[in-house]
Amino acid sequence: MSFGFLGIQFGFALQLGNTSRIFQTLDATVESLPIYWLAGPVTGLLIQPVIGYFSDRTWHPKLGRRKPYFLVGAILASIALIVMPNSPVLWISVSMLWIMDASFNVSMEPFRAFVGDVLPSDQRTLGFAMQSFFIGIGAVVASLLPWLFSNWFNISNTAEKGVIPDSVKWSFYIGAVVFLCAVLVTVVFSKEYPPENLEDFKMEKKRTKGARYFFKEVFGGILKMPKTMIQLAFVQFFSWLALFALWIYTTPAITEFIYGSTDTTSVAYNEGADWVNVCFAAYNGVAALAAFLLPVIAKLTSRKITHMIGLLCGAVGLLSVFFVSTP
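Per my numbering, the very first residue in the sequence shown carries number 1; after that it's consecutive.
In case anyone wonders, no lab produced these hints; they're calculated from the structure.
It is possible that some hints are incorrect.
[As the list claims (entries may be wrong)] Each computed DSS-like pair below joins lysine-lysine, with the alpha-carbon atoms no more than 30 Å apart:
hint, residue 1, residue 2
1, K227, K216
2, K62, K209
3, K191, K62
4, K191, K209
5, K224, K304
6, K299, K227
7, K224, K209
8, K304, K227
Please work from the sequences and hints to get the whole structure.
Shown next as structure tokens:
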């Protein structure tokens with residue numbers, strides 16, 4: 001049931017660790033990177049509520065409620081993963097990022113609801129734990145691929161100007177296969193249960209169709225948001241600011257200030273970009289292990305204090321980059 005998350009996170013890790021590298025190789029400046037990276041937050045903002053709304057109102061006699069979205073998202077994301085590192089010009093790679101991010105959201109959003117749909121309440125904690133497990137594995141392995149291909153399999157890690165190195169290309173090819181196959185495992189081997197009364201479901205779907213009801217439900221949910229969620233929204237605002245700073249600027253920062261190169265055809269730049277992926281593998285691995293400690297810390301303190309500790313650790317990690325001078 002949760003195996004598809006391995007594939008989704010595989011794609012996310014490759015995207016987060018290599019997008020700035022690909023854009024810089026295709027002549028993007030550091031100052032322009034945030035504009036090209038807008039695909040992530042914009043598609044998440046637009047796609048997630050739309051997919052959540054429609055997947056709640058879907059029932060396919062063979063694929064069920066969530067699986068059609070898993071499958072369509074996986075196919076489109078896999079195509080984008082193959083095309084992006086072969087982009088001849090910057091605008092094509094940026095377009096692939098938009099398609100990729102939209103497809104990730106199409107697959108991922110219903111996956112979150114899938115556990116709640118299928119598992120009884122006493123098994124949901126285990127279900128979400130399994131999701132976290134597969135997310136961790138996918139992120140670590142995918143992040144390491146460019147470095148592994150270059151250092152273990154002697155696949156070329158440099159290329160001529162405007163061309164993405166083969167080590168990155170093969171990482172994305174593997175990512176496309178893993179993404180699609182992992183989602184197919186969930187689609188083929190997991191079972192969804194139809195609504196208890198299919199006729200009532202169809203009547204309710206008919207009653208609530210249309211753009212007016214969609215906007216009413218989405219914006220009504222925002223207006224009725226509990227106070228705790230509003231408070232958390234402000235915290236999340238600053239958290240995501242920090243995360244996107246990490247994802248966008250780590251590659252140009254490490255390659256220029258640690259490895260001493262801004263030339264994307266050089267050995268130094270590409271070794272630095274590979275090392276960024278190794279660092280991302282480390283942070284994903286630590287995050288996966290730390291997830292098992294969070295319930296213990298929360299039990300000893302509180303969920304608020306646990307969240308605060310996590311944010312402080314993240315802040316210390318980000319600040320430490322300023323003082324680092326060696327890989």
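- Query: Hey, K304 versus K227, does the alpha-carbon distance stay inside 30 Å?
  - Reply: 14 Å, holds
- Message: What's the verdict on K191 and K209, does the C-alpha distance respect the 30 Å limit or exceed it?
- Response: Roughly 26 Å separates the two Cα atoms, so the pair holds.
- Item | Holds or violated: K224 to K304, with C-alpha atoms at most 30 Å apart | Holds: K224 and K304 sit about 22 Å apart, inside 30 Å.
- Query: Do the alpha carbons of K191 and K62 lie within 30 Å of each other, as the hint requires?
  - Reply: 10 Å, holds
- Has the given pair, K62 with K209, been kept, meaning a C-alpha gap of at most 30 Å? Roughly 23 Å between the alpha carbons, so the hint for K62 and K209 holds.
- Item | Pairwise hint evaluation, K209 against K224, where the allowed Cα distance is 30 Å at most | 21 Å, holds
- Message: Run the distance test for K299 versus K227: straight-line Cα separation, threshold 30 Å.
- Response: 23 Å, holds
- Message: Holds or violated: K227 and K216, Cα atoms, limit 30 Å.
- Response: 20 Å, holds
The structure is consistent with each of the numbered hints, conforming to all of them.
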